[in-house]
Amino acid sequence: MTSSTLQEGTSLRQKLALRGIDGVTLLVLPSVLFVLAIFIYPFIYGLLLSFAPIREGGMFANYITFFSDPYLYNTIAATLRLAVPVTLLSVAAAVPVAMRVRLVRRQRLLTTLLVLPITLGTVLVAQGMLNYLGPQGWFSRSLMLLHIISSPLKLTNNYWGVFLSLIITVFPFTFLLTLSYVTGIDPGLEKAAATHGASAWQRFRHVMLPLLVPGLAIAFCLTFVQAFAVFPSAVLLGAPSGPTRVISIAAAQAAFEQYDFTMASAIAMIMGVVQLCIVLIVLVVRNLFYRGATSGGKG
Amino acid sequence: MQLASMPFNEIRLDRMSRSFGALNALRDISLSIRKGEFIALLGPSGCGKSTALNCIAGLLSTTGGGIYIDDKRIDQFKPEDRGFGMVFQNYALFPHMSVRKNIGFGLKMRSRPKAEIDTKVDEALALVRLQGQAEKLPGQLSGGQQQRVAIARAIVIEPPLVLMDEPLSNLDAKLRLEMRAEIRRIHNQMKATTIYVTHDQDEALSLADRIVVLRDGAIRQVGTPHELYERPAHLDVAEFMGFRNRFTGKVVSREGERATVSAGSFSVSGTVAEDLQPGASAVLAVRPDDVTLSGEAPGGVSVTVEAIEYRGREYVGIARTPDGVEIIFHADDAAAPGSTVSLSIDPARALVFSA
Numbered sequence: 001m002t003s004s005t006l007q008e009g010t011s012l013r014q015k016l017a018l019r020g021i022d023g024v025t026l027l028v029l030p031s032v033l034f035v036l037a038i039f040i041y042p043f044i045y046g047l048l049l050s051f052a053p054i055r056e057g058g059m060f061a062n063y064i065t066f067f068s069d070p071y072l073y074n075t076i077a078a079t080l081r082l083a084v085p086v087t088l089l090s091v092a093a094a095v096p097v098a099m100r101v102r103l104v105r106r107q108r109l110l111t112t113l114l115v116l117p118i119t120l121g122t123v124l125v126a127q128g129m130l131n132y133l134g135p136q137g138w139f140s141r142s143l144m145l146l147h148i149i150s151s152p153l154k155l156t157n158n159y160w161g162v163f164l165s166l167i168i169t170v171f172p173f174t175f176l177l178t179l180s181y182v183t184g185i186d187p188g189l190e191k192a193a194a195t196h197g198a199s200a201w202q203r204f205r206h207v208m209l210p211l212l213v214p215g216l217a218i219a220f221c222l223t224f225v226q227a228f229a230v231f232p233s234a235v236l237l238g239a240p241s242g243p244t245r246v247i248s249i250a251a252a253q254a255a256f257e258q259y260d261f262t263m264a265s266a267i268a269m270i271m272g273v274v275q276l277c278i279v280l281i282v283l284v285v286r287n288l289f290y291r292g293a294t295s296g297g298k299g
Numbered sequence: 001m002q003l004a005s006m007p008f009n010e011i012r013l014d015r016m017s018r019s020f021g022a023l024n025a026l027r028d029i030s031l032s033i034r035k036g037e038f039i040a041l042l043g044p045s046g047c048g049k050s051t052a053l054n055c056i057a058g059l060l061s062t063t064g065g066g067i068y069i070d071d072k073r074i075d076q077f078k079p080e081d082r083g084f085g086m087v088f089q090n091y092a093l094f095p096h097m098s099v100r101k102n103i104g105f106g107l108k109m110r111s112r113p114k115a116e117i118d119t120k121v122d123e124a125l126a127l128v129r130l131q132g133q134a135e136k137l138p139g140q141l142s143g144g145q146q147q148r149v150a151i152a153r154a155i156v157i158e159p160p161l162v163l164m165d166e167p168l169s170n171l172d173a174k175l176r177l178e179m180r181a182e183i184r185r186i187h188n189q190m191k192a193t194t195i196y197v198t199h200d201q202d203e204a205l206s207l208a209d210r211i212v213v214l215r216d217g218a219i220r221q222v223g224t225p226h227e228l229y230e231r232p233a234h235l236d237v238a239e240f241m242g243f244r245n246r247f248t249g250k251v252v253s254r255e256g257e258r259a260t261v262s263a264g265s266f267s268v269s270g271t272v273a274e275d276l277q278p279g280a281s282a283v284l285a286v287r288p289d290d291v292t293l294s295g296e297a298p299g300g301v302s303v304t305v306e307a308i309e310y311r312g313r314e315y316v317g318i319a320r321t322p323d324g325v326e327i328i329f330h331a332d333d334a335a336a337p338g339s340t341v342s343l344s345i346d347p348a349r350a351l352v353f354s355a
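As you go down the protein sequences, you meet chains S and V in turn. Per this note's numbering, the first sequence starts with residue 1, numbered consecutively. Per this note's numbering, the second sequence starts with residue 1, numbered consecutively.
You may find that some hints are simply not true.
As the list claims (entries may be wrong) - Derived PhoX-like pairs (lysine-lysine); straight-line CA-CA distance at most 25 Å: (1) V/LYS108 with V/LYS78; (2) V/LYS108 with S/LYS191; (3) V/LYS136 with V/LYS108; (4) V/LYS78 with S/LYS191; (5) V/LYS108 with V/LYS174; (6) S/LYS191 with V/LYS136; (7) V/LYS72 with V/LYS35; (8) V/LYS101 with V/LYS136; (9) V/LYS72 with S/LYS191; (10) V/LYS191 with V/LYS72; (11) V/LYS35 with V/LYS78; (12) V/LYS101 with V/LYS78; (13) V/LYS114 with V/LYS101; (14) V/LYS136 with V/LYS114; (15) S/LYS191 with V/LYS174.
As the list claims (entries may be wrong) - Estimated spans, in silico, between C-beta atoms of each pair: (16) S/LEU176 with V/SER32: 49 to 57 Å; (17) S/LEU26 with V/PRO337: 54 to 62 Å; (18) S/ARG291 with V/ASP81: 44 to 52 Å; (19) V/PRO113 with S/GLY292: 27 to 35 Å; (20) S/ARG100 with V/PRO113: 47 to 55 Å; (21) V/THR119 with S/SER31: 54 to 62 Å; (22) S/ARG105 with V/ALA218: 25 to 33 Å; (23) S/GLY121 with V/SER142: 50 to 58 Å; (24) S/LEU176 with V/ALA218: 41 to 49 Å; (25) V/SER142 with S/ARG105: 37 to 45 Å.
As the list claims (entries may be wrong) - A short list of chain V residues far from chain S (calculated; beta carbon distances all over 10 Å): (26) ASN24; (27) SER32; (28) GLU37; (29) ALA126; (30) THR224; (31) HIS226; (32) LYS250; (33) ARG258; (34) SER262; (35) GLU274; (36) ARG320; (37) ILE328; (38) SER342.
The hints are simulated quantities; they were obtained by calculation from the structure and are not laboratory data. Because the structure is a prediction, the values reported are computed rather than measured. For each residue, glycine too, the CB sits at the ideal point set by N, CA and C.
When you get a sec, could you build the whole thing from the sequences and use the hints?
In structure tokens:
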């Protein structure tokens with residue numbers, strides 16, 4: 001290597017270094033490749049596929065079919081009817097639980113207990129719920145034994161079955177996210193609010209909540225996206241041809257019952273757009289609130 | 001804006017205690033604070049001074065004793081029901097609220113009418129000289145300005161008691177001096193009653209009407225800055241008050257207030273701070289300012305100069321006696337390092353404590 005190429009080499013390296021690119025940057029390559037292969041490529045493939053229908057009617061035929069058949073387009077509303085309340089309830093319940101848990105000394109034990117449902121997987125939860133909440137399950141039988149009800153409660157194979165199982169699988173995730181946001185707020189702020197006359201509710205309303213809003217918006221989005229993609233529990237615990245015929249069921253039927261992968265791709269794209277719309281709305285609302293440091297000063 | 005209208009005469013701590021398991025962080029703290037007084041709680045870290053402040057604020061519950069405003073017992077009250085103002089070490093300003101909203105927070109929580117809040121916040125802004133910054137967020141202010149906001153937020157509710165927890169420790173030296181003067185000015189102007197926690201004796205001496213020295217969770221001495229500076233009652237209070245030279249030995253003679261302590265190869269005379277009879281082990285403590293070069297006068301302590309520093313008006317030197325005791329002294333003229341000189345100690349300003 002001559003000295004001049006060495007010179008050029010270092011100067012190029014310096015130029016790259018100024019833009020924050022150096023040898024360490026190469027470490028992102030595997031993940032970039034992974035994202036390209038597992039996410040970007042299939043996404044573009046699916047997008048193009050959705051515009052190449054096997055039926056007649058031009059490139060938009062799949063989308064036209066979807067939006068002209070109530071059996072198909074109603075799945076959007078059915079999914080939103082599940083996902084939005086589940087998300088709202090999870091976030092709303094996660095906040096008070098997190099507010100309390102941050103003061104608990106054995107936080108790790110409690111957290112572990114709450115996280116268990118994540119590790120179980122949807123199908124196992126669904127199986128358990130069928131046994132427990134089904135017409136012959138312990139829950140209804142115990143209530144009947146105590147003469148609180150006279151006939152079994154219908155808590156499975158309908159909307160509420162899916163709703164409950166979604167809450168069980170989604171809540172721990174929402175809770176953990178929320179807990180990290182709640183514990184990220186300087187405890188000194190609550191003390192300051194208390195000494196200046198704010199009651200527990202006022203402290204929450206005027207200090208904690210405004211500082212939590214940005215985090216809760218993120219928790220809402222991530223929870224919503226999970227809940228919107230509900231599939232196994234909608235089939236196992238719901239009424240998959242009735243009120244819990246969610247959009248992923250429509251996509252699965254198109255792909256694996258009608259073998260129309262182009263239609264399935266189109267439904268997947270529509271699903272993505274709906275999710276994106278909700279997420280964007282939430283993020284726009286979030287921007288109306290304070291976003292910044294959650295500590296009350298330096299030091 | 002004045003607190004003079006608040007109807008109370010004194011705040012009284014009656015054997016206030018706090019323990020954490022087996023650890024007694026505070027033991028039997030009894031103190032009467034008159035309305036309008038500026039009290040400094042002074043002590044090294046871990047002495048319990050912040051614990052005491054948090055107990056008074058209600059952020060920590062006490063495990064014994066009581067806190068009274070006149071005859072009303074308040075130690076079972078929640079912090080929000082005590083109505084005190086508090087300034088925190090890290091300011092604890094609400095980052096999502098403007099300066100105006102931060103200052104008005106306490107009034108808003110008390111559901112005061114908006115017009116009243118606006119007037120009072122304007123007055124408080126003027127008091128801490130932040131009129132132009134009302135609409136800024138705390139993050140846009142400097143440390144000193146943030147601390148002014150914190151002070152304004154605490155006093156705008158016209159609390160019977162303002163609590164300050166090392167409010168100047170996050171500021172640089174110059175700003176600290178400025179804010180010190182500000183705090184005293186605001187206290188005087190508001191006719192507030194203030195408890196101020198600090199580990200800095202200069203702050204305590206310059207600000208307080210009375211200083212409470214805490215050590216290991218108990219009160220060591222209470223007195224005016226002058227009393228504490230001139231007549232510390234214990235050796236550890238003396239250490240805090242700048243008595244940096246200490247000679248350990250035995251009392252060899254005593255005449256009235258005057259005692260002579262023999263410390264190895266030399267003996268020095270001082271004023272007894274505790275009752276000591278000849279033969280008792282004792283420590284004689286004296287400030288470097290009161291140790292001077294005595295020239296050829298008799299009765300001096302003979303030492304070897306180790307180092308000498310120029311301090312502008314005078315010199316500060318470190319010297320060692322033949323048997324290795326270090327002495328810090330002040331001198332008008334430079335003494336050459338390595339030279340042997342004689343130091344004289346003013347017996348009226350040297351204090352003798354029991355060892």
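Violated constraints from the hint list, given by number and in increasing order: 5, 15, 18 and 20
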